[in-house]
Amino acid sequence: MNIIVLLILCGNVGYSQNDSGKTGKIEGIINLDSIWNDKIYLSHIPDFGKMYTMSKSMIIAETNIDSTGHFSFDTNYLPSEDNLYRIHVSKKDSSPASIIIGGKDENHFFIIANKYSKISINNISTINSIEINSSKQNLIIRKIDAITNYIDSTNFNESRIKSDFVEKAFNEQIRQIADTCSYPLVALYALKKSKFETNVSTNLEFYQNFLDKWQNEDSAYFKTFRETIPKRKKQVGSNVFYYSMILLAFISGLSINYFYREQKNRKSNLLTTLSVQERKILSLLQQGKSNKEISEEHNIGISTVKSHVSNILNKLEIKSRKDVLDL
Amino acid sequence: MKNLSKITLATLLFTILTINAFAQETTFDLVRNVNMFTSDSEVKNISLNVQQNTSSLFVEIVSNVQYGSLTIEIYNPKKEKLGEFTVESQLPTTDKVKKEYTQYKDSLGEFVSGQIQKYVNSPTSGKWIIKIIPKEAIGNIKISSRSLMNDSNP
Chain U
350 MNIIVLLILC GNVGYSQNDS GKTGKIEGII NLDSIWNDKI YLSHIPDFGK MYTMSKSMII
410 AETNIDSTGH FSFDTNYLPS EDNLYRIHVS KKDSSPASII IGGKDENHFF IIANKYSKIS
470 INNISTINSI EINSSKQNLI IRKIDAITNY IDSTNFNESR IKSDFVEKAF NEQIRQIADT
530 CSYPLVALYA LKKSKFETNV STNLEFYQNF LDKWQNEDSA YFKTFRETIP KRKKQVGSNV
590 FYYSMILLAF ISGLSINYFY REQKNRKSNL LTTLSVQERK ILSLLQQGKS NKEISEEHNI
650 GISTVKSHVS NILNKLEIKS RKDVLDL
Chain Y
1093 MKNLSKITLA TLLFTILTIN AFAQETTFDL VRNVNMFTSD SEVKNISLNV QQNTSSLFVE
1153 IVSNVQYGSL TIEIYNPKKE KLGEFTVESQ LPTTDKVKKE YTQYKDSLGE FVSGQIQKYV
1213 NSPTSGKWII KIIPKEAIGN IKISSRSLMN DSNP
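Chains as they are written, first to last, in the numbering used here: chain U, 350 to 676; chain Y, 1093 to 1246.
If you are wondering where the hints come from, they were derived from the structure by calculation, not from laboratory data. Check before you lean on any hint, since a few could be wrong.
To be verified - Quick list of in silico lysine-lysine cross-link-like pairs, DSSO-like style, CA-CA up to 30 Å:
no.	chain 1	residue 1	chain 2	residue 2
1	U	K399	Y	K1136
2	U	K453	Y	K1173
3	U	K572	Y	K1171
4	U	K441	Y	K1219
5	Y	K1227	U	K511
6	U	K492	Y	K1227
7	Y	K1219	U	K517
8	Y	K1234	U	K582
9	U	K399	Y	K1098
10	Y	K1098	U	K544
11	Y	K1227	U	K517
12	U	K511	Y	K1223
13	Y	K1170	U	K388
14	U	K388	Y	K1234
15	U	K440	Y	K1227
16	Y	K1234	U	K399
17	U	K544	Y	K1223
18	Y	K1170	U	K374
19	U	K453	Y	K1098
20	U	K405	Y	K1219
21	Y	K1219	U	K580
22	U	K580	Y	K1171
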């Protein structure tokens, strides 16, 4: 064991991730053996694609590890929004900007923090098997890391078939964490660790639903992730049908309206062809009066009334007295 | 008759021991060094042929970059990416740097280093690819691999 880390207690404060107005701090106690430098570094990871990128420009702070193994980073200058950070140490024969991935000398771990974060790192046995107290987000991060470390150890110790099976099962478990996690950045960290790139094509809806859930997240992390997930295809077929039906209904309405208006105009034109006497008789017909009643009212013979009625029907192009009522 | 039994038993034991001796696993080590002295940007694929009887594979890649950037990716024969890292220098690779580097390459400033280790039990047989993607990079890469092969299971 190259790195022996002792217990650290970061005061007795009940820490919270967004303890606005109070000074934040990331601290711990680690004891390194002689191959390691007595410095520890904090790097900002601007997107998940850069988790395993090492550059001096990414290192935002370095601090000494004192003789008791204590180290501390102030977080006052960090953004108030959660971001991903990497803490690493370097070997004496190596550059401060060095990253070791895998094996017993793995030299880094990831945390999520903001300017108010108070994070204490406890009971470290190796740099990549640390425990973090007082930060729910980072506790979940550690859980995810523990699962991925288990997958790696299975690759080393078990047959290929078993390790493939274990990898699939545990990556699914990490995706479940991503699905149910209430911390957006932690959920995204889980997806990154589950090797989502190999799963997108077969499980696209899961990732689209994930992005729907976090649609209001506009951090650079989410923006980059969105670019890697194919967008939902708009349902062109059903939309075209929907708009066609509306258009058809509109045109039908216009046509019907036009038809009735034409009919009305035509009938009012026909009415102008009636004589004064015929109009008077038409008026009585519309009141439902019989030939006899019309005859008595106008003091004309019934045969004359019949003649007028016949003319009226002919001129108005209607077949019976009943149709007169509909005019 | 007794002698015949003893001879048969001795022959049998000899045969079993001989088979066991040949059934032991052997290791196959490979080390490759790639130096980039002239701000390299050419993508290179280093392949590792993993035999069917390989019981485990260990790959370690160590790289140091003084200028430019360098990405290393490891792929198994199914073309699944198993690991990657990138090392980037903040220093631009100017013509002056290139010239000075060839003259004073041992005395130039700090470097950025990356290292990855992969252990795989029962690795997929076939061509494992280590993809080297430099961008105006000056530095070096050391690739070490160790294959443990079971001789009795060709």
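We went through each hint and held it up to the structure:
no.	hint	in the structure
1	K399(U) to K1136(Y)	21 Å, holds
2	K453(U) to K1173(Y)	21 Å, holds
3	K572(U) to K1171(Y)	27 Å, holds
4	K441(U) to K1219(Y)	35 Å, violated
5	K1227(Y) to K511(U)	39 Å, violated
6	K492(U) to K1227(Y)	36 Å, violated
7	K1219(Y) to K517(U)	23 Å, holds
8	K1234(Y) to K582(U)	46 Å, violated
9	K399(U) to K1098(Y)	70 Å, violated
10	K1098(Y) to K544(U)	62 Å, violated
11	K1227(Y) to K517(U)	34 Å, violated
12	K511(U) to K1223(Y)	27 Å, holds
13	K1170(Y) to K388(U)	40 Å, violated
14	K388(U) to K1234(Y)	26 Å, holds
15	K440(U) to K1227(Y)	26 Å, holds
16	K1234(Y) to K399(U)	22 Å, holds
17	K544(U) to K1223(Y)	19 Å, holds
18	K1170(Y) to K374(U)	45 Å, violated
19	K453(U) to K1098(Y)	52 Å, violated
20	K405(U) to K1219(Y)	34 Å, violated
21	K1219(Y) to K580(U)	35 Å, violated
22	K580(U) to K1171(Y)	25 Å, holds
Checked against the numbered hints above, the structure breaks hints 4, 5, 6, 8, 9, 10, 11, 13, 18, 19, 20, 21 and satisfies the rest.
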